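*Asks:* Sequence:
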Amino acid sequence: MSTIKIVIGSWGSYSACNSRALGSSPIDLSACSCWEQIEKSLKKQGFDLGGIDAELFVQDIDGLPNNCADWDYINPKTLFEILSKSGVLNSEYLYHVFCAYLEVRTFDEFAERVERLGDNWNDEIYLYEGYDWEDYGKELFEICERRLDDDLIDYFDFEAYGRANGLDCAQEYSNGIIEITGG
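Residue numbering for the sequence shown follows this note's numbering, starting at 31 and increasing by one per position.
Among these hints, one or two may not hold up.
As the list claims (entries may be wrong) - Derived lysine-lysine pairs resembling DSBU-like cross-links, with alpha carbons at most 30 Å apart: (1) 74 with 35; (2) 35 with 73; (3) 107 with 74; (4) 115 with 168; (5) 70 with 35; (6) 73 with 107; (7) 115 with 73; (8) 70 with 107; (9) 115 with 74; (10) 70 with 115; (11) 168 with 107.
What the hints assert, rightly or not - Across the chosen pairs, the derived CB separations fall in these ranges: (12) 45 with 65: 20 to 30 Å; (13) 212 with 46: 10 to 20 Å; (14) 193 with 120: 34 to 44 Å; (15) 173 with 82: 54 to 64 Å; (16) 138 with 41: 19 to 29 Å; (17) 75 with 154: 37 to 47 Å; (18) 173 with 100: 32 to 42 Å.
No lab work stands behind these hints: they were computed from the structure. Quick caveat, the model's predicted, so the values are computed rather than measured. Ideal Cβ placement from N, Cα and C applies to all residues, glycine included.
Sequences are here, hints too, so could you generate the full structure?
*Replies:* In structure tokens form, the structure reads like this:
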């Protein structure tokens, strides 16, 4: 199972340059069943959640793309609750879809999708792993039950067809094509 680990920082400790300015030890979110477990861990590490350490932020994150959000401005509790609600922390498949989604969309879009659709957030998201635009174009062509004579098939530009027909709903990600048709 892939894990998402975060280091939680405190704006108060960061500003005061005290011993907690560098944040918590890494916390594996999939090992936590509720936010209270995370709070308990932070308290054991010396965080004063009712005082100087009341305002928390995600100081570092491992297991997610870095460019999909400004993690410093996402509350760790909000992050944990969204990931829990989505099922991403407990399902390798959902984690995989989530990471592909974050390569082409933002975390805010994901959070809004989860709020709207709950654990059905991944409905109408399809991964075409290992596909390029040509493979995607061939797939679309076959799905539409279109036919070309064998002597013409080599001259058809499936890559252009895939790009043109996927314009509204498909994007390239690091491991293929992701199609987001609804939600």
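*Asks:* Each hint: holds or not?
*Replies:* So, going through the hints one by one against the coordinates:
1. 74 with 35: holds, 18 Å
2. 35 with 73: holds, 18 Å
3. 107 with 74: holds, 17 Å
4. 115 with 168: violated, 36 Å
5. 70 with 35: holds, 16 Å
6. 73 with 107: Distance ~15 Å between residue 73 and residue 107 Cα, so the pair holds.
7. 115 with 73: The given pair, whose Cα atoms are some 24 Å apart, holds under the 30 Å limit.
8. 70 with 107: holds, 13 Å
9. 115 with 74: Judged against 30 Å, a Cα distance of about 26 Å means the pair holds.
10. 70 with 115: Distance ~21 Å between residue 70 and residue 115 Cα, so the pair holds.
11. 168 with 107: violated, 44 Å
12. 45 with 65: 20 to 30 Å: holds, 24 Å
13. 212 with 46: 10 to 20 Å: violated, 47 Å
14. 193 with 120: 34 to 44 Å: holds, 36 Å
15. 173 with 82: 54 to 64 Å: At roughly 58 Å between Cβ atoms, residue 82 and residue 173 fall inside 54 to 64 Å, so the hint holds.
16. 138 with 41: 19 to 29 Å: holds, 20 Å
17. 75 with 154: 37 to 47 Å: With a Cβ separation near 41 Å, residue 75 and residue 154 satisfy 37 to 47 Å, so the hint holds.
18. 173 with 100: 32 to 42 Å: holds, 38 Å
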